[in-house]
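Protein chains: 2
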Amino acid sequence: MREGSAAAGRKNGALSPCAACKLLRRRCAQDCVFAPYFPADEPHKFANVHKVFGASNVNKMLQELGEQQRSDAVSSMVYEANARIRDPVYGCVGAISSLQQQVDSLRAQLAVAQAELVQLRMREPNSSSHLASSNHQANVGESLWSC
Amino acid sequence: MREGSAAAGRKNGALSPCAACKLLRRRCAQDCVFAPYFPADEPHKFANVHKVFGASNVNKMLQELGEQQRSDAVSSMVYEANARIRDPVYGCVGAISSLQQQVDSLRAQLAVAQAELVQLRMREPNSSSHLASSNHQANVGESLWSC
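Line by line, the protein sequences are chains A and B.
Under this note's numbering, the first residue of the first sequence is numbered 375, with each subsequent residue one higher.
Under this note's numbering, the first residue of the second sequence is numbered 375, with each subsequent residue one higher.
Chain A with its partners taken away, still in its complex shape (with noise of 0.2 Å):
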């Protein structure tokens, strides 16, 4: 969607540049890589990943990928470059190190749960519940390894 709205923008106006030219302040040629991915009136999505990658590795990774694949690269490079300038030291790998302590202490607390569960189900006098039980708990377990 961006795409066409950032083309039409250009053919309608013909000079009418996009967030990065108008940064940049140079002309917004017809097939400048950054006008599909950076409209003019979202400034500072451009001037976030400028100042944290720099246009010229921008340009350079972009050029490098598939035209698929660079509206993908952009939203990460944007979610990144967003992350760095709230968090200057960790960036978006402090994001990460959150995640894997949730993970790790999720996990510890399914592990406790389900051992749980086996020695409830173990003292379960009733054996036709025992064992829908014991499916139902090898289906868990299954789940948990494929993460």
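A few of these clues could be false.
Remember, identical chains collapse to one label, so a pair may be satisfied in a single copy or spanning two.
[Said to hold, decoys possible] Taking lysine-lysine and the DSSO-like style, the derived pairs with C-alpha atoms no more than 27 Å apart in a straight line are:
(1) K419 - K434
(2) K425 - K396
(3) K434 - K396
(4) K396 - K419
In short, the hints are calculated from the structure, not lab data.
What you are looking at is a predicted structure, and each value in this text was computed from that prediction instead of being measured.
With chain A fixed as given, assemble chain B onto it according to the hints.
Showing chain B alone in chain A's frame:
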């Protein structure tokens, strides 16, 4: 340790440049901002950070931080740069997305296990073990929400 080794290297050899100055082909000054974190024997570390962020941006980002924070900032930038070189489309945002999926999946599995524990405990005939289990469940629940 790296700070000491880099400083000693420059004091003893006087002209031995750090990995950054070597790559940028410039004189490595006594107060070089890169030298403590990019020793000459780890050239790929600076090469990747330079390729992704650009030496000028890394320099600026380090100058804006206190000396105590620079080592962590370099480590997180090296991590991000390596991830972007390994995966030019998603970089370390790919790891964030994968970890977030693991957290969601583990939370769902824990909720299922906890619901099953509640059911099994309600069927338990022994009230003292029921009480002990209930207390345990409250703790597990608290740790879940503290994530």
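Problem - Alpha-carbon proximity context of K419 and K434, limit 27 Å - result: Result: close both inside a copy and across copies, 18 Å intra and 20 Å inter.
Practice task
Indicate which option fits the pair K425, K396 if close means a Cα-Cα distance not exceeding 27 Å: within, between, both or neither.
Solution key: Both: 15 Å inside a chain and 24 Å across chains, each within 27 Å.
Handout entry: 27 Å Cα threshold - placement of K396 relative to K434
Key = Result: close both inside a copy and across copies, 19 Å intra and 23 Å inter.
Problem - Homomeric proximity label, K396 with K419: Cα distance no greater than 27 Å - result: Within one copy only: 12 Å inside a chain, 33 Å across chains, cut-off 27 Å.
Hint compliance for this structure: every hint is met.
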